[in-house]
Amino acid sequence: MFYLLLTEDNSYPGADYDTQDFPSFELETLSGKKIVNTNINDKTLLLNVWASWCITCRVEHPYLMYLNKKGIPILGLNYKDEKEDAINWLKKYGNPYKDNIHDYKGSLALDLGVTGAPETFLIINGQVVAHYQGEVNETIWNDVFLPIIDEKRIF
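First residue of the sequence shown? That's 1 in the working numbering, and the numbers climb one at a time after it.
One or more hints might be untrue.
[Claimed, not checked] BS3-like, lysine-lysine: derived pairs with alpha carbons at most 25 angstroms apart:
| hint | residue 1 | residue 2 |
| --- | --- | --- |
| 1 | 43 | 92 |
| 2 | 70 | 91 |
| 3 | 80 | 34 |
| 4 | 91 | 105 |
| 5 | 69 | 91 |
| 6 | 80 | 152 |
| 7 | 105 | 34 |
| 8 | 43 | 152 |
| 9 | 33 | 152 |
| 10 | 92 | 69 |
[As the list claims (entries may be wrong)] Beta-carbon label-pair distances, calculated as ranges:
| hint | residue 1 | residue 2 | range |
| --- | --- | --- | --- |
| 11 | 94 | 32 | 16 to 26 angstroms |
| 12 | 138 | 93 | 13 to 23 angstroms |
| 13 | 34 | 106 | 29 to 39 angstroms |
Hints in this document: simulated from the structure, not taken from any laboratory.
Here the structure is a predicted model, which is why all the values come from computation and not from measurement.
C-beta: ideal position from N, C-alpha, C; glycine also.
With the sequences and hints as input, model every part of the structure.
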């Protein structure tokens, strides 16, 4: 079975399509504004887990900038990062996010099942419908997220 998983052309080991409720949380954004899960329960968006210390996040970043330019709403989850480092990183490389949740202790990330950064979640009305562990690029976007987006006619 493991062999089939690795050799299946349409399969991505980092992809998970189990639907789950978005966990309850109460944190602050990088700008210091309080944010709770009810802020996103009726929204459809990508949640991208990132950090200034994450090398792969830097590799992924230009593609997130591209998605933002195309009108895809992205919420950042800044993971186990110093607030000032995250803010400076966004100033240096650009900000593709509508807002950024500052998850310094990683509590929300833990509730989501995050194992590291980057990871990206497709959220529809408070439900996680897809999750990808690793860098989102054109191939991953087209093969993991876009089929769901097209099927559900969102964005």
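Status of each hint after checking the structure:
About 28 angstroms separates the Cα atoms of residue 43 and residue 92, which puts this hinted pair outside 25 angstroms; it is violated. A distance of roughly 20 angstroms separates the Cα atoms of residue 70 and residue 91; the hinted pair therefore holds under the 25 angstroms criterion. Simply put, residue 80 and residue 34 have alpha-carbon atoms about 18 angstroms apart, close enough for the 25 angstroms limit, and the pair holds. In summary, the hint linking residue 91 to residue 105 is supported, as the alpha carbons are separated by about 23 angstroms, within the 25 angstroms threshold.
Straight-line distance between C-alpha atoms of residue 69 and residue 91 comes to about 17 angstroms, which keeps the hinted pair within the 25 angstroms bound. Distance hint between residue 80 and residue 152 is unfulfilled; the C-alpha atoms sit about 33 angstroms from each other, more than 25 angstroms. With a CA separation close to 16 angstroms, the supplied pair residue 105 and residue 34 stays within the 25 angstroms bound. A threshold of 25 angstroms between alpha carbons decides the hint, and for residue 43 with residue 152 the separation of about 14 angstroms falls inside it, so the pair holds.
Annotation: proposed proximity of residue 33 to residue 152 is violated, straight-line Cα distance about 31 angstroms (limit 25 angstroms). For the given pair, residue 92 sits about 17 angstroms from residue 69 by alpha-carbon distance, which is consistent with the 25 angstroms threshold. For residue 94 and residue 32, the Cβ-Cβ distance of about 21 angstroms falls inside the hinted range of 16 to 26 angstroms, so the restraint holds. Judged by the Cβ atoms, the range 13 to 23 angstroms given for residue 138 and residue 93 holds: they are separated by roughly 19 angstroms.
At about 19 angstroms, the CB distance of residue 34 to residue 106 disagrees with the hint of 29 to 39 angstroms.
Hint compliance for this structure: hints 1, 6, 9 and 13 are broken, all remaining hints hold.
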